[in-house]
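Taking the hints into account, I'd like the entire structure generated from these sequences.
Quick note: the sequence shown uses this note's numbering, first residue 11, plus one each step.
Since the hints were made in silico from the structure, they are not lab data. Note that CB positions come from ideal geometry on N, CA and C, so glycine has one too. Not one of these hints is a red herring.
Derived DSSO-like pairs (lysine-lysine); straight-line CA-CA distance at most 30 Å:
#, residue 1, residue 2
1, Lys89, Lys72
2, Lys95, Lys72
3, Lys126, Lys115
4, Lys95, Lys153
5, Lys126, Lys113
6, Lys113, Lys95
7, Lys95, Lys126
8, Lys89, Lys153
What follows is a list of derived Cβ distance ranges for each label pair:
#, residue 1, residue 2, range
9, Asp79, Ser42, 57 to 63 Å
10, Gly16, Ala189, 53 to 59 Å
11, Ala28, Asp79, 49 to 55 Å
12, Gln195, Leu91, 39 to 45 Å
13, Pro177, Gln62, 45 to 51 Å
14, Arg63, Asn190, 44 to 50 Å
15, Leu13, Leu91, 35 to 41 Å
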Amino acid sequence: MLLLNGKPLSYDRAFTDASGIQYPANWLRLASLAEKQAIGITEVANDPVYDQRFYWGVDNPKQLEDVTDEDGNVTTGLKTLWSAKQGEIAASLLAPSDWRIIKAKETSTNIPSAWKTYRAAVRTACNTRQTEIAAAADVPALKELLFGAATITRQQTDADGNGVVEPDTITDADGNETANPVAGQAVMETVANPAIATSWPATLE
11 MLLLNGKPLS
21 YDRAFTDASG
31 IQYPANWLRL
41 ASLAEKQAIG
51 ITEVANDPVY
61 DQRFYWGVDN
71 PKQLEDVTDE
81 DGNVTTGLKT
91 LWSAKQGEIA
101 ASLLAPSDWR
111 IIKAKETSTN
121 IPSAWKTYRA
131 AVRTACNTRQ
141 TEIAAAADVP
151 ALKELLFGAA
161 TITRQQTDAD
171 GNGVVEPDTI
181 TDADGNETAN
191 PVAGQAVMET
201 VANPAIATSW
211 PATLE
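The following block contains the structure:
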């Protein structure tokens with residue numbers, strides 16, 4: 011973050027210094043560090059970022075479990091809040107097809123099997139996700155469960171669980187061996203993230 015006279019500056023915005031000199035919007039991008047310092051601009055670290063859905067502040071996680079005090083008052087934890095959210099999501103996924111169920115009952119007709127399967131899958135996914143939330147060990151695990159990337163990159167492992175590394179030599183098609191320039195480096199792979207929640211079923215059209 012850039013500061014001038016204690017006030018933050020934004021790139022691509024014009025500004026005026028203490029003496030009244032005006033600087034165009036592109037000045038900060040074009041100016042050298044020395045030029046910025048010459049007019050009193052300083053650079054400080056940006057305020058740390060944290061996810062307010064899960065943390066009160068940096069390294070200050072919210073309460074994971076429900077807590078009941080000595081007077082019987084319950085403070086709701088993250089697990090309960092996010093478990094309830096799964097129910098809301100499930101309801102929103104089911105709502106567009108509710109009319110099909112009502113119509114089938116009122117007209118004594120069959121519900122299309124695809125919709126029966128889909129609606130059952132939504133309920134199953136909801137129950138599974140709520141179970142996964144309940145099993146989260148801590149706040150970082152809960153956040154990863156709900157908002158982690160779909161894939162992760164990690165070191166490959168062999169059948170015994172040991173990390174795989176590049177071999178010392180490479181054998182070409184003719185059977186000739188040459189030194190491997192990346193010998194000893196970890197062999198990486200991209201895989202589905204095992205720490206994220208069960209996916210919701212794809213919506214039917």
